[in-house]
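Novice: Using the hints, position chain V against chain X.
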Amino acid sequence: DSGVTQTPKHLITATGQRVTLRCSPRSGDLSVYWYQQSLDQGLQFLIQYYNGEERAKGNILERFSAQQFPDLHSELNLSSLELGDSALYFCASAFREMNTEAFFGQGTRLTVV
Amino acid sequence: DQQVKQNSPSLSVQEGRISILNCDYTNSMFDYFLWYKKYPAEGPTFLISISSIKDKNEDGRFTVFLNKSAKHLSLHIVPSQPGDSAVYFCAAGRTGNQFYFGTGTSLTVIP
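Protein chains in written order, with the working numbering: chain X, -16 to 96; chain V, 279 to 389.
The shape of chain X in the complex, shown without the other chains (with noise of 0.2 angstroms):
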């Protein structure tokens, strides 16, 4: 168990809709980190958060957005999902900033169907 929480586990939802994917993150870590992992495909950053300020931004769409709040809690926001949009999605925290090794929830897997 890494102390990363991730839910929903599973969420399948259709075309169009909205999701909330939900993170807590290691306790006293503060940074999250989200990732998107397609079939076959290696895990593609989105974004970092740092004791609730965004810090980097991956190849995130502008139908995606996320925040993360005064308790340290994150959550991807997901919008006019495509079936593309199917995936695990990732979250992971840390306590550092930078250069340093990450703790991965469990994942939650959308199907968008």
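Everything labelled a hint here was simulated from the structure, so no lab data went into it. Predicted model, so just to flag it, every value in this text is computed and none were measured. Mixed in with the good hints there might be a few duds.
Stated by the list, open to error - Ranges of calculated distance between the beta carbons of each label pair, as one might list FRET restraints:
{"id": "1", "chain 1": "X", "residue 1": "Phe52", "chain 2": "V", "residue 2": "His354", "range": "38 to 44 angstroms"}
{"id": "2", "chain 1": "X", "residue 1": "Ser10", "chain 2": "V", "residue 2": "Ser329", "range": "24 to 30 angstroms"}
{"id": "3", "chain 1": "V", "residue 1": "His354", "chain 2": "X", "residue 2": "Thr83", "range": "21 to 27 angstroms"}
{"id": "4", "chain 1": "X", "residue 1": "Leu66", "chain 2": "V", "residue 2": "His354", "range": "39 to 45 angstroms"}
{"id": "5", "chain 1": "V", "residue 1": "Thr323", "chain 2": "X", "residue 2": "His(-7)", "range": "46 to 52 angstroms"}
{"id": "6", "chain 1": "V", "residue 1": "Gly338", "chain 2": "X", "residue 2": "Lys40", "range": "17 to 23 angstroms"}
{"id": "7", "chain 1": "X", "residue 1": "Arg5", "chain 2": "V", "residue 2": "Asn335", "range": "42 to 48 angstroms"}
{"id": "8", "chain 1": "X", "residue 1": "Gln24", "chain 2": "V", "residue 2": "Pro389", "range": "28 to 34 angstroms"}
{"id": "9", "chain 1": "V", "residue 1": "Gly294", "chain 2": "X", "residue 2": "Leu66", "range": "44 to 50 angstroms"}
Glycine residues also receive a C-beta, built at the ideal position from the N, C-alpha and C atoms.
Specialist: Relative to chain X, chain V alone:
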């Protein structure tokens, strides 16, 4: 554009032998590198890291080698054990920026 490549999707090794997993990157500015291990239905777990000021880092049975001129890193597992069977991801990045992950190599250690 894949900045980190793991060209071997799978690898099988006999128990007790050495496993060598390879990773290539394209950006010469990358200065921090990590390996993660992933079991099915679990998130990736950090294994070992190396910064660009070193060319080798060792942790028990796991050693990572970095060849900056070739933009290549490798993970050696000696001796390999059946419990090492998993997907291994390498990741690379530049200080202050995101990490780029490879597509993973599935290691099977045969008892």
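Novice: Would you mind marking each hint as holding or not holding in the structure?
Specialist: Here's how the hints hold up against the structure:
Between X/Phe52 and V/His354 the Cβ separation comes to about 42 angstroms, which falls inside the hinted range of 38 to 44 angstroms. Between X/Ser10 and V/Ser329 the Cβ separation comes to about 27 angstroms, which falls inside the hinted range of 24 to 30 angstroms. In this structure, V/His354 and X/Thr83 meet the distance hint of 21 to 27 angstroms, their C-beta atoms being roughly 23 angstroms apart. Between X/Leu66 and V/His354 the beta carbon distance is about 40 angstroms. The supplied range of 39 to 45 angstroms therefore holds.
Checked against the hint of 46 to 52 angstroms, the pair V/Thr323 and X/His(-7) fails, with Cβ atoms roughly 21 angstroms apart. Checked against the hint of 17 to 23 angstroms, the pair V/Gly338 and X/Lys40 fails, with Cβ atoms roughly 36 angstroms apart. Checked against the hint of 42 to 48 angstroms, the pair X/Arg5 and V/Asn335 fails, with Cβ atoms roughly 35 angstroms apart. Range check, X/Gln24 to V/Pro389: Cβ separation about 30 angstroms, and the 28 to 34 angstroms hint holds.
For V/Gly294 and X/Leu66, the Cβ-Cβ distance of about 45 angstroms falls inside the hinted range of 44 to 50 angstroms, so the restraint holds.
Checked against the numbered hints listed earlier, the structure breaks hints 5, 6 and 7; every other hint is satisfied.
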